Every structure is written in C-alpha cells, then in structure tokens.
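> What follows is the residue order along each chain.
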Amino acid sequence: MKILVAIKRVLDYSVKVRVKTDHSDVDLANAKMSMNPFCEIAVEEAVRLKEAGVASEIIVVSIGSKAVQETIRSAMAMGADRGIWIDSGEAALSPLTIAQLLAKVVQAEQPSVVLLGKQAIDSDDNQTGQMLAALCDYPQATFASKVTIADSKATVVREVDGGLQTLQLALPLVVTTDLRLNEPRYVKLPDIMKAKKKPLDTQTPESLGVSLNNSVKMIKVEPPSERKAGIMVPDVDALINSLKNQAKVL
Amino acid sequence: MNPEILGRLHNLLGDQGLRTDPLSCQTYGRDWTKTYEPAPSAIALPTSTAQVQAIIQLANQNGFKLVPSGGRTGLSGGAVAAQGELVVSLARMNKILAFHAQDRSLVCEAGVITAQLQQFAETKGLFYPVDFASAGSSQIGGNIATNAGGIKVIRYGLTRQQVLGLEIVTGKGELLKLNHGLVKNATGYDLRHLFIGSEGTLGIITQATLQLLRAPENLTVLVLGVPEFAALMQILQRFQANLDLTAFEFFSDRALHYVVQDKGLAKPFVTPAPYYALLEFENDSAQREQAALQAFQDCIEQGFVLDGVMSQSQTQAKNLWRLREMISETIAVYTPYKNDLSVRVSLVAEFLKAVDQIVTERYAAFEVIWYGHIGDGNLHLNILKPATMDKAEFFEHCAAVNEQVFVLTQSLQGSISAEHGVGLLKRDYLAYSRSAEEIAYMRALKTLFDPHWVLNPNKLLSIDTSSL
Chain A
24 MKILVAIKRV LDYSVKVRVK TDHSDVDLAN AKMSMNPFCE IAVEEAVRLK EAGVASEIIV
84 VSIGSKAVQE TIRSAMAMGA DRGIWIDSGE AALSPLTIAQ LLAKVVQAEQ PSVVLLGKQA
144 IDSDDNQTGQ MLAALCDYPQ ATFASKVTIA DSKATVVREV DGGLQTLQLA LPLVVTTDLR
204 LNEPRYVKLP DIMKAKKKPL DTQTPESLGV SLNNSVKMIK VEPPSERKAG IMVPDVDALI
264 NSLKNQAKVL
Chain B
260 MNPEILGRLH NLLGDQGLRT DPLSCQTYGR DWTKTYEPAP SAIALPTSTA QVQAIIQLAN
320 QNGFKLVPSG GRTGLSGGAV AAQGELVVSL ARMNKILAFH AQDRSLVCEA GVITAQLQQF
380 AETKGLFYPV DFASAGSSQI GGNIATNAGG IKVIRYGLTR QQVLGLEIVT GKGELLKLNH
440 GLVKNATGYD LRHLFIGSEG TLGIITQATL QLLRAPENLT VLVLGVPEFA ALMQILQRFQ
500 ANLDLTAFEF FSDRALHYVV QDKGLAKPFV TPAPYYALLE FENDSAQREQ AALQAFQDCI
560 EQGFVLDGVM SQSQTQAKNL WRLREMISET IAVYTPYKND LSVRVSLVAE FLKAVDQIVT
620 ERYAAFEVIW YGHIGDGNLH LNILKPATMD KAEFFEHCAA VNEQVFVLTQ SLQGSISAEH
680 GVGLLKRDYL AYSRSAEEIA YMRALKTLFD PHWVLNPNKL LSIDTSSL
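In the order they appear, the protein sequences are chains A and B.
Residue numbering for the first sequence follows the working numbering, starting at 24 and increasing by one per position.
Residue numbering for the second sequence follows the working numbering, starting at 260 and increasing by one per position.
Derived from the structure by calculation, the hints contain no laboratory data.
On a predicted model such as this, the values are computed, not experimentally measured, just so you know.
Glycine is no exception: its CB is placed at the ideal position from the N, C-alpha and C atoms.
Do not take every clue at face value.
Stated by the list, open to error - Where chain A lies over chain B, by a calculated footprint (3+ residues, C-beta under 8 Å):
| no. | segment |
| --- | --- |
| 1 | 524-532 |
| 2 | 694-705 |
As the list claims (entries may be wrong) - Capping the alpha-carbon separation at 27 Å, the derived lysine-lysine pairs in BS3-like fashion look like this:
| no. | chain 1 | residue 1 | chain 2 | residue 2 |
| --- | --- | --- | --- | --- |
| 3 | A | Lys73 | A | Lys25 |
| 4 | A | Lys39 | B | Lys383 |
| 5 | A | Lys55 | B | Lys526 |
| 6 | A | Lys89 | A | Lys220 |
| 7 | A | Lys251 | B | Lys526 |
To be verified - Anything over 10 Å on all C-beta distances counts as not near chain A; from chain B, calculated:
| no. | residue |
| --- | --- |
| 8 | Lys293 |
| 9 | Glu381 |
| 10 | Lys383 |
| 11 | Gly440 |
| 12 | Leu481 |
| 13 | Ala550 |
| 14 | Met569 |
| 15 | Gln575 |
| 16 | Lys577 |
| 17 | Asp649 |
| 18 | Asn661 |
Let the hints inform the model, and build the full structure from the sequences given.
Written out as structure tokens, the structure is:
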C-alpha cells in the first residue's frame, strides 16, 4: 500500500512574524523556514503506518522553489521513501492550483491514502485537502486525530466542534491531520545521511499539465495591534478602582 | 532600622521607592538560594544613579549595610539580606537608554532584564549572546556583578566579554564612569573588570554599555546519547575540529528522566544512554551540515556516541534545549544540594569520574544528577535529598561532600564556583581556589572601594573587624 504525503515549507512556528514595511506580505528575508507542523504530523502518521506494516511505500510531495527540497529531505529523514518536488519557482499559488498539481501526482502514483496537514500555519486556508479529494473524487476525512487502516477500509476519528466523530471510509481516501493525531519524532542523524541518498524526482507545472492561473490576490497584510503595557498598582483598592474605571470590566 | 533614617530614605525615594511590608521583605530579601531566611530592614527601589549615590552615602554616614539586588536568581546567596540590611533593588532602573547602530552597542540601566535585552537586540537585527535558563528574570546589573555565563560561553564568552562600559557608584559613594564604550583603551588599569564579577562588594552598577553581535543563522541542535564520561570530551574534540560550536552541554539520564517525567517532554530517542550531549551550531550551509554529519559518523564509528538526533526546525531546537534548560527547575522540588565547579576542559573527564566516585562510594543512598556546560569545563553537580532524610541532616552530609569535592577541585587547580559566584554559600571555601596572597589583595581592594564595608557585607569575603 502506497501513501502520498503532501507537505509545505512555511515560516518556522517559533519565528516572530514580521510584516514587510509596505504591507505587501510577511517578511521572509533571512527567516527560518521549516515544515508546516500539521504536515510534520502527516509524515509522522505515514511513517507509523509503514512501521506497523500497513503501508509499504511513502512518497512525499512538495511544491515551491528549490528550497523546498530541504523540507522534502527532512521528511525523508523521518522515514519517507522518496520525494517529488514540483518546481513552481517563486509564484504565489492558491489552494485550488495546489490541489490541481497534487491531483496530477495522485493520478500518476495511485496511492491508497493521501495525507495532508489540515492547514498550513502561514496562509491558514484549510482548503487544499478538501479540494484535492473533490478533484480526485476520493472520500475525505479532515481534522483526523486517529487513523486506523485495516481490511481495505480506513477508520478515522475526527475532531469536530465540541466532540469527536468517527468515520469509516473506503480506500483510496484523503486524510487531513489535526494536532492530536501524533507527536512527530526527532530525526536521527543516520537517517539524515540516508535521506540524502533517497530518490527525489523533479516535476514542473508544465510537465504535469497544470497552468498556474492564480485567482486569488493578496492585497494587504497587517500585524495585530500591539498590546498596551501593563501597569503596577500599589494595593487591592487601587486594583479594583482601575478595573472599574480604566479597564471598565467591573 | 531607626525611624529617622527610614524617614530620610522615604524623603529621598518617595512612596514607591521604599518598602517595609513583610511580603516585600520576604521577596526581595532572598535569591534562588533557599537556605537562608530573609530579614532585610527595608527595600529601597531607586530610579536614578543620584538616588543610588545618596543611599550609599547615607549608609556610610549612619553605619547601615546594603545588599544590591537584581533579578535575585543567584544560587550562592549573593543577594540574600539576612542580617537587617537595606536591600537596594535596581528593578525600577530598567530602561534601555541608547542604541548605537554603528558601534553595535547599547547603553542601559542595571535593572533591564536579560531577556528584554536579547529581544531589543533582535529588533535591531543583532544578538546579545549571554543566555541561560533564568534570563527571563535576571537583570543585567546582576549578570555583570556575577560575570554570568550560561549556555553560549563556548562561542561568545562570559558577560565580561560583552561589557564595553560601566557606570558605578562605589562603596564610598563616588561615581565612576568606566571605559565609555571603547573597544580599545590602553590607559592603564582597566577598573571596569574589577567590578565585573565583584558580586556587589565594591560598588553598585547603575548603567552598562554592552556589545551586540551579528545574530547567528539557523542554530541547529544535536542531542547525542553517550556511553561514558570519557567519550563526552572525545565528542567535543571531534566536533570542534569541524565546527565552531555555539553550545556544548551535557546531562545525565537521571536528569533527563526528571524533565521528561515532570514537563511531559518527549525523549529525544529511545536508545538508552547514561549521558547525553547537547551541541548547537550555526547550520548556515550544506557544507556545515555535512561537517556535523561527518563528525557524528566518526563518533559513532569510534563508539563515542550511541545514537543522536538533529533539530529540523527552530521549534524542535527549542524543545531539545528544554530538555537541558528545565533540569534546574525540575529538580528544585527535591531540595538539591547544588555545586558549580570547573576545571580545565582537558581535565573534565578525569574530574567527573573522581567526583562521581566520591559521591557514589560514600553516599550510595543519594541520587546524583549531573549536567553542565561541559564545553567550558563547567559542571553542575546536584545531589537530591532522599525523601526520608530531614533537611538538616542532608545538608550536614552535603557539607562533608563539599570538603572532599573541593579538595579534589583544588588538586586539579579548578574553581569551586565556575559561574554562580561565591556569595555566602562558598565564602568559607574560597581558599580552595584562591591563594592567601590573592585573598589579601581582594580584601585590600574591598577596603579601597568600600572602606566601611557597607556593600554586600560578608558576601565573597567575611568581615574581619580587625581590618576595618
């Protein structure tokens, strides 16, 4: 059984996000980039399925400039077997375009399970997995917190508002991962060395027959307004007074 | 303290600047050394150098003693006020006064918190390299007064290396402005360096000019499983041949055990290892990463390393660091007896083995937790109090361990306090690391800058009334 995992390279979760002075975008110059945390969870889940003997091959795909190769290598160090880099250069891509590119890869690879993060922490779209399922006409289970595959069926526990929902789905399917699905492992040094020798295939939008017509345009990015500094009050009376009269919460 | 003096202090400092309530006295009267009961007479919170100067002059005229106070995260009792002293807290002198882009330096007041300084540097695209677990509370004045070290010393040095200038009020009440931010200044005795690491015994630091540096790129963390003490130093040597490490730390499996258990952190890998090394380097090119991987490969082949992981993101790097940085906080509940020792890097393996032997042979019931900045030859030895033993008995045993460990340290020409300072805790052991002549010069210097010994009395050096 083949698993395809789609991953995205994003601004590192721990980096303080800065907005460009012209507000055109987030400033990525010299910023640390790494794998989207939800994608990391998707890779981890695939590796666990392989370790459990459920999956036989894990293919990782990522779209972007040359730098995404590094993220693919990182996924291969976690345990993916081979990678596909879709070289889209520096073009800004909408979720639909990404889903169209991934659908072509699904068509070629015919995986039984496609794993994606539920959303990327940079654009927060939460659309790609759903669109991909629609384009491939696969059943989908989003926000997964538990995935079990047996007898050519997948049982997926989903995190829904105020509770959990359990679905049973036929293969092939699309699963998007939520935070509680697993805790990704640290990458071992010997595996980093092995990952350098794993095959990494290059594709382009042209080779996949997808045109990059972006229907979404980002107009402006604004940082959240800064929090006001706190004040020190000398005693409880002053505290109550300022909660009443300044903060107006009492 | 007599009411008349309190009144004068109140006039000087105002309502916000003087506290005598029991809670403040408890809080400001002690540091992280929990062995001493705080008993200050009052807490002064000056807002200017002039106020600090006035307080010191008042102390000299009226014969009361002062304890300079920063973030109070010290571990040697340097900021403890247990003898009715007036605590002089610099907490309200917490402004960054100037930034000089071309000099890559800043001028700040002594009460600026270390983490604020780091963040300020970051907003300027620069880097303040002194960092340690208590950076969120400790203040720069205290960092300078103890010449704080921490986790990046192997690459950037101690606080001393970052200090380009100081403003000091001496124990006499005189104002000194030292070195004025100069890089080069060959005009005789560099008094600045006397105050760095003086533990508040010579003067109170009111302002500092600090050097900022280029921010490191893509700091990447390795955690390696290590089979034995001796292998640690082999690993250091092998990696340093290939890379400039920004950190080289170690901790024992017992230390990791407590952190994993209490903080719910994931172990780096399942392969069991008695010791772990944490290495950090600037992973700024494929060649650099290759160099690290090559060094790792060699260490595996030589049997120095059992297993290892490498951070793939800043988040992972942070989490791996937490395995090391949370140790002190995690074991604090076990009333650890703490020691902070150093020897020359080349003697670390021998030293570790010998200390471990002392403790395990004679005190088999004690649990020993090892960690430290091993790349600097600096070891933190922690012995946990057995739950059944009472505190007094435990500390009595520990005093006996002290004696033996210090004799060993002395025989290797090591230091009985690598970075925590001497304060009250190590004062009576100073002679294990300093000669009688050195101590006599230290006393003479103390008397020179603080003739009435009003500043931090009995810290570092005991008051010998005959010398006054």
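> A separate judgement is required for each hint: does it hold in the structure or not?
Each hint, compared with the structure:
Judged by the Cβ-Cβ criterion of 8 Å, the segment 524-532 of chain B is covered by chain A as claimed, because 3 of its residues qualify and three suffice. Three residues within the 8 Å Cβ limit are the bar, and the segment 694-705 of chain B against chain A gives 0, so the coverage statement is violated. The straight-line distance between the Cα atoms of A:Lys73 and A:Lys25 is roughly 9 Å, inside the 27 Å bound, and the hint therefore holds. Of the pairs offered as hints, the one joining A:Lys39 and B:Lys383 holds, with about 14 Å between alpha carbons and a cut-off of 27 Å not exceeded.
Restraint check for A:Lys55 and B:Lys526: the C-alpha separation of about 24 Å stays at or below 27 Å, so the hint holds. Our distance criterion of 27 Å between C-alpha atoms is met by A:Lys89 and A:Lys220, whose separation comes to about 17 Å. Of the pairs offered as hints, the one joining A:Lys251 and B:Lys526 is violated, with about 39 Å between alpha carbons and a cut-off of 27 Å exceeded. Remark: the non-interface label on B:Lys293 is consistent with the geometry, its nearest Cβ contact in chain A lying 26 Å away (cut-off 10 Å).
The claim that B:Glu381 lies off the interface is violated: its Cβ sits roughly 8 Å from the closest Cβ of chain A, which falls inside the 10 Å cut-off. Taking the minimum C-beta to C-beta distance to chain A, about 13 Å, the non-interface status of B:Lys383 holds against the 10 Å cut. Every C-beta of chain A lies more than 10 Å from that of B:Gly440, the closest at about 28 Å, which supports listing it as non-interface. Residue-level check failed: B:Leu481 sits 7 Å from the nearest beta carbon of chain A, not beyond 10 Å.
The non-interface label for B:Ala550 is consistent with chain A: the shortest C-beta to C-beta separation is roughly 13 Å, beyond 10 Å. The Cβ of B:Met569 sits about 5 Å from the closest Cβ of chain A, inside the 10 Å cut-off, so the non-interface label is violated. With a closest Cβ-Cβ approach of about 6 Å to chain A, B:Gln575 is found to fall inside the 10 Å limit, against its non-interface label. Residue placement check: B:Lys577 does not keep its beta carbon more than 10 Å from all beta carbons of chain A (closest about 6 Å).
At the 10 Å boundary, the C-beta of B:Asp649 stays outside the reach of chain A, the nearest C-beta of that chain being 38 Å off. For B:Asn661, the non-interface assignment is confirmed: its Cβ lies about 38 Å from the closest Cβ of chain A, beyond the 10 Å cut-off.
Going down the numbered hints, you'll see the structure goes against 2, 7, 9, 12, 14, 15, 16, while the others check out.
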